[in-house]
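**Q** From first to last, the protein sequence lines are chains A and B.
All the letters of the first sequence, read from the start, carry residue numbers 1 to 965 under the UniProt record's numbering.
All the letters of the second sequence, read from the start, carry residue numbers 1 to 155 under the UniProt record's numbering.
Be aware that a few hints might be false.
Claimed, not checked - Interface residues of chain B toward chain A, partial, derived using beta-carbon atoms under 7 angstroms: (1) E22; (2) D26; (3) N27; (4) V29; (5) R100; (6) S101; (7) P103; (8) S122; (9) E138; (10) K144; (11) N147.
Said to hold, decoys possible - Lysine-lysine pairs mimicking DSBU-like chemistry, simulated, CA-CA at most 35 angstroms apart: (12) B:K107 - A:K943; (13) B:K13 - A:K441; (14) B:K13 - A:K878; (15) B:K125 - A:K900; (16) B:K107 - A:K493; (17) B:K74 - A:K943; (18) B:K144 - A:K924; (19) A:K943 - B:K125; (20) B:K74 - A:K895; (21) B:K107 - A:K929; (22) A:K949 - B:K130; (23) B:K144 - A:K354; (24) B:K144 - A:K895; (25) A:K441 - B:K12; (26) B:K130 - A:K197; (27) A:K346 - B:K12; (28) B:K144 - A:K929; (29) A:K929 - B:K125; (30) A:K403 - B:K12.
Claimed, not checked - One side of the interface only, derived from the structure: several residues of chain B facing chain A at Cβ under 7 angstroms: (31) E23; (32) D30; (33) H83; (34) N139.
If you are wondering where the hints come from, they were derived from the structure by calculation, not from laboratory data.
From the three backbone atoms N, C-alpha and C, an ideal C-beta is built for every residue, glycine too.
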Amino acid sequence: MDIDNNSLIEDFRSLNKYDTEFSKKCKKISHDLQSGGLTMVQLVEQLKDLLISPIPDSRELGMLILSQVLESLSENQLAASQLNFICAFYSDRLNDHHQVIPPTLRGVLALMRFENVPEGATKQILSSLFQNVPCQQQQQADRHNIYKLLEICLDRRNTEVHEMGVDFIYGVISAMDGERDPRNLLYLFNWLPKFLKSFTFDHLTEEMFEVMACYFPVDFRAPTQDPNSISREALATSLSTCLCAIPEFAEYCFPLILEKLSSSLRIAKLDSLNILAEGCKTFEVPFYIQHSTDIWSQIQREVLNSNDRELEEIALKTLEIVVNKLSYSADDVFKRILCDITDTLKGNLLPHMKLFVPSCKILYHVAKASKSSADYVTFEVVPMLVNTYNITMTTSHQVMVFKNLISFVRVYIDVHGNDDVTQIEQLNVIPNLCLKASLHKEDEMRSASFQNLSLLTKSLPIETRKCLYENIRVLLVVQRSDLMNDSFLKCFKAMAQTYSEEIQNYVLKDIKINDLESLKVYLDSLIVITDQEEFTEFVLSIFIQNSLKDINTAQITTGYFGKLLECYKDNRKIQEFLVQKEEIINKLISWTLNHLNEINISKNLLLLENISQICKLIIGYQDSDSQHKIIDSELERIIILYRNSHNYLLLIIFDGLLTRLRKDVQFEHDILDDLLNAALNITEDNVLQQTVFELLANILNKTADDTRLENNLKNIINTCNFALDDSNNEHVQRNVVNIISWVTKAVVMRGHKMSEVFVNKLLELLETKFAPYAAKGLKIVMNDNCASLDSESYCNRRLLYRQKFFIEVSSKLIENYKEENSSYLLAIGYLLQGAPKQVFILQFTKILRLVILCLEQCENAEVLGAVLDTLCNLIQNKEYLIEEYIQEFLPRLLKLATFKPAMQVRMKALHCLQYYTQGYPIYKLIPHKQNIIYGLTQCLDDKKRLVRKEAVEARLRWFLLDAPT
Amino acid sequence: MELENINPNVYKKIADRQTILEEEDDNVVDEFDAREIFDLIRGINDPEHPLTLEELHVVEDNLIHVDNENNSIKVLFTPTIPHCSMATLIGLSIRVKLLRSLPPRFKVNVEINPGTHASEHSVNKQLADKERVAAALENTHLIKVINQCISSREL
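Could you build the full structure based on these sequences and the hints that come with them?
**A** Dropping the structure here:
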């Protein structure tokens, strides 16, 4: 047995106490204890030599082992009799050498977890702790353990702790007195409220308060490197809960916060305001009444003189909470306080007073606090504001008064939940006032009045409403200024929501449309009420009717129809009504086919585009079946007509029908040849051309049958090759390059195996006379904002296809670059225009040479603009690479700042120079400063004003780079 | 430091200059005009208040004269109060800002609007004296204040 003893001790002696082995061994022992292989008595017996050794080091080791073992035992492992013995032992050890205290504290903490701790043991341990261990002389971790111990006792040994009474309170106070570590403080502040609430403090109240109040306001700056560190806000909030934990603290709390509120320290004010608000939960009303004058004057000062938005907001919020608290006091007392507040501010509510806005803010928040304050303040203030409104001369001031006035009415309505203001003497003039304002001669005022009317819809009496309807009816069909449009529509919508029947009867029924201009305005206005059930069918039938009238009406109506559908994309009801009940697509197409001869390509292209857009917006949201149905019934007749007439206008209708088909909706008719022919031969119109290219790409991208696709692609490339070699018509050849670009985009997007053929073809073309078009083709592929090829059109999009394409093509461009062929520089420029930033950075060092050559030699303003845009973006984001190559870029940018042919380039170069002054290490910029400032002098005399403006900005920034400020 | 003018009148800012089509046309030459000079100096901060010279009506559009042919520009400014000790500083700020923002071909005169300041004459003389201006800019404290006044907002 003895040998065993020594071996255990020896084992531990050889280990460092911070070693993981050490704690593993302790775990092992506790495991043995739990399984019954070892008893507590045996363990203590074995550790005897250590525990009663005269050397503190050994005792520390013994205690550490014992404590660690206790920590890993389960909570019901030890019996009461055992615990009795151990507790007595530990409370004795608390009186030991200072070195033994830390492990003892750990042990005590572990002991308190056990369920069977006998009656009296807690008291014994705590008394010994309070008597023998001066908390503030311990290290941070040990102090933390003491606080933990106190909390655990409070939680688990509540009755015993309460029996200790004042001793415990005193113990806590003296333990935490002078604590400086933020971690410990945060821990303390978090559990102190429950301690404060469960004891009565009597003569120790002030002492208890002071020991916490000394931290107020929390002045603590967390180290910036550590993201998980404690924030000042966390400390401040938890402290404020402690300071307001019990009603008894009010007596000490008020003088403290009022004093701090008047200090000039920002955080002191913030924290005081927060406590003031927090205290409303616990402190009694009389205290607030007693200090109301002080609180009010402090808050008033904060709001009226403050430049600090955040502080002002918190002050107002606090005021609202405090006034709400005060509203629980006797009526006459509360009235007196409100009277005090309103009387102070009344003088500021006259026209052109500088403090008008902040005073209104204060009164607004006071009114918002409770029902009685809302009554009092609105009844006092509204008549005054009405008066001010009437005597204010300038419109912009009047509008401001008006807005504030209505906000008070709104508060009254909200607080009472009662919309009817006509019965209230002070407020019954408001509806008419708004109505009158809506007839004002200046738009600013009318805009404000409609804004306000939309807030008060429910409070308008019938007579007012009738007048308003007159007004709305007129405005619905005349051109409105931008300033007024939004608020008018908002008001119209709000009225339609509240009084749908009246709007129908008094407004919409009698609308007279005289010309196309008023039709435009009318249709545009109707869009806002379309989603309301009562109006949906009504509005849509107006749109449909007008879409099927004469060409000019149709052109306008279809435009707004598209806008309507765009607004209510996901509204099932509208879609269903249009497709199932009205068969809108069928109607539109029939109408188009009937009117085809009257449609003039130069004048009415917009009409067809609108119709196509409507088709897209409807078809795109149908399911596959429904799409099938539409295509089956419509497509064939258009194809037949097209093949007979070769009217290119029909291609736009194709586009509308086919672009947004789902992938699984395949159609029988092979129209690729038709499209390809059209794409080769159309010469006249840009939009038409673009539509055909995009549709071609869209169909190729979505073709599901692989062999069919491959044949089609082979066919296309053959046709293209043939046309390039054969035709002398430059138009056709240019079209070929465009076709190749678009087809390349289609196949690259879906990652088809033929894509390499097309990419190579496109790069080959860089060596021919079509190089500029081929270079532009790269931009087409890189561009991601093409509506007919995005996911809304159900196209196949491989992940990161642009990135892959960029890397592939840029490597090839570098490989093939020849100095005599400038089209490579063009190509790199266009490529960059659409390149995602990340991938550009990835390739940066590789293509840097070409980019710089491009900046140096390129003459094409568009390309230069694109490259500069990309660079500017990188400079703005302070990419490391940009910093690395600072001396390569700066001189070239400076040169481009005087680029004669295009002002855009000059401006962009100057932008880049501006952004360089921000966020880059000054020592890298300083060597260039003189050069840049000197170089920019020339730009100050640029012939374009806009360029001069940028040059001034850039030059000033470089001047101030290292200037003392 | 005690403020001299505690509660100055604050005026509304005028709207930004609208860009007209001609200005975007590469082939048209835009001449310098009074509004352009005004735009250069309207944003200068007042040394006392967090307000711009425009808001205080210290500089105004119609008090600026540009003579493109003869390369001369004359700016008159109005101190907020007649005995304002900041007048020289404000004038200096305007001068420095214009010095840095205008092509060197222009001769710039910055003067106090006649009849609006107690010691108008001496301030004008100081501002017109090239050497005194240069000497003032060597003073680190002074240049610090001026830089603060003319530094622009963040991009």
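**Q** If a hint holds in the structure, say so; if it doesn't, say that too.
**A** We went through each hint and held it up to the structure:
About 10 angstroms separates the beta-carbon of E22 (chain B) from the nearest beta-carbon of chain A, more than 7 angstroms, and the hint is not met. Because the closest C-beta pair between D26 (chain B) and chain A is about 5 angstroms apart, less than 7 angstroms, the hint holds. For N27 (chain B), the shortest C-beta to C-beta distance to chain A is roughly 9 angstroms, which exceeds 7 angstroms, and the interface hint is violated. Among the interface hints, the one on V29 (chain B) holds; its C-beta lies about 4 angstroms from the nearest C-beta in chain A, closer than the 7 angstroms criterion.
The interface hint given for R100 (chain B) holds, since its Cβ lies 6 angstroms from the closest Cβ of chain A, which is under the 7 angstroms cut-off. For S101 (chain B), the interface hint holds, the least distance from its beta-carbon to any beta-carbon of chain A being 4 angstroms, beneath 7 angstroms. The beta carbon of P103 (chain B) is positioned within 7 angstroms of a beta carbon in chain A (closest approach about 4 angstroms), and the interface hint is therefore held. The interface hint given for S122 (chain B) is violated, since its Cβ lies 28 angstroms from the closest Cβ of chain A, which is over the 7 angstroms cut-off.
Given the 7 angstroms rule on beta carbons, the hint for E138 (chain B) is violated: about 12 angstroms separates it from the nearest Cβ of chain A. Restraint check, K144 (chain B) versus chain A: the minimum CB separation of about 5 angstroms is within 7 angstroms; hint holds. For N147 (chain B), the shortest C-beta to C-beta distance to chain A is roughly 5 angstroms, which falls under 7 angstroms, so the interface hint holds. This hinted pair checks out: K107 (chain B) and K943 (chain A) have alpha carbons roughly 19 angstroms apart, not beyond 35 angstroms.
A C-alpha spacing of about 24 angstroms is found between K13 (chain B) and K441 (chain A), which places the hinted pair at or below 35 angstroms, so the restraint holds. Between K13 (chain B) and K878 (chain A) the alpha-carbon distance is near 34 angstroms, which keeps this suggested pair within the 35 angstroms criterion. A hinted pair counts as satisfied when its Cα atoms are at most 35 angstroms apart, and K125 (chain B) with K900 (chain A) does not qualify at roughly 41 angstroms. The suggested pairing of K107 (chain B) with K493 (chain A) is violated, with an alpha-carbon distance near 59 angstroms, which exceeds 35 angstroms.
This hinted pair checks out: K74 (chain B) and K943 (chain A) have alpha carbons roughly 21 angstroms apart, not beyond 35 angstroms. Between K144 (chain B) and K924 (chain A) the CA atoms are separated by roughly 23 angstroms; this keeps the pair inside 35 angstroms, and the hint holds. A C-alpha spacing of about 33 angstroms is found between K943 (chain A) and K125 (chain B), which places the hinted pair at or below 35 angstroms, so the restraint holds. Taking the CA atoms of K74 (chain B) and K895 (chain A), the gap is about 32 angstroms. The hint holds against a cut of 35 angstroms.
Between K107 (chain B) and K929 (chain A) the alpha-carbon distance is near 25 angstroms, which keeps this suggested pair within the 35 angstroms criterion. Proximity of K949 (chain A) to K130 (chain B) is assessed by CA-CA distance (about 26 angstroms); at most 35 angstroms being required, the pair is judged to hold. Taking the CA atoms of K144 (chain B) and K354 (chain A), the gap is about 32 angstroms. The hint holds against a cut of 35 angstroms. Proximity of K144 (chain B) to K895 (chain A) is assessed by CA-CA distance (about 31 angstroms); at most 35 angstroms being required, the pair is judged to hold.
For a cut-off of 35 angstroms, the pair hint linking K441 (chain A) to K12 (chain B) stands: about 22 angstroms separates their Cα positions. With a CA separation close to 75 angstroms, the supplied pair K130 (chain B) and K197 (chain A) exceeds the 35 angstroms bound. With a CA separation close to 25 angstroms, the supplied pair K346 (chain A) and K12 (chain B) stays within the 35 angstroms bound. At most 35 angstroms may separate the alpha-carbon atoms for a hinted pair to count; K144 (chain B) and K929 (chain A) meet this at roughly 19 angstroms.
Restraint check for K929 (chain A) and K125 (chain B): the C-alpha separation of about 33 angstroms stays at or below 35 angstroms, so the hint holds. For the suggested pair K403 (chain A) and K12 (chain B), the alpha carbons sit about 19 angstroms apart, so the restraint of at most 35 angstroms is met. Taken as an interface hint, E23 (chain B) checks out: its beta carbon lies about 6 angstroms from the nearest beta carbon of chain A, inside 7 angstroms. The interface hint given for D30 (chain B) is met, as the beta carbon of that residue sits about 4 angstroms from the closest beta carbon of chain A, less than 7 angstroms.
The criterion of a C-beta within 7 angstroms of any C-beta in chain A is not met by H83 (chain B), whose closest approach is roughly 23 angstroms, and the hint is violated. Using the Cβ-Cβ criterion of 7 angstroms, the hint placing N139 (chain B) at the interface with chain A is not satisfied: the shortest such distance is roughly 11 angstroms.
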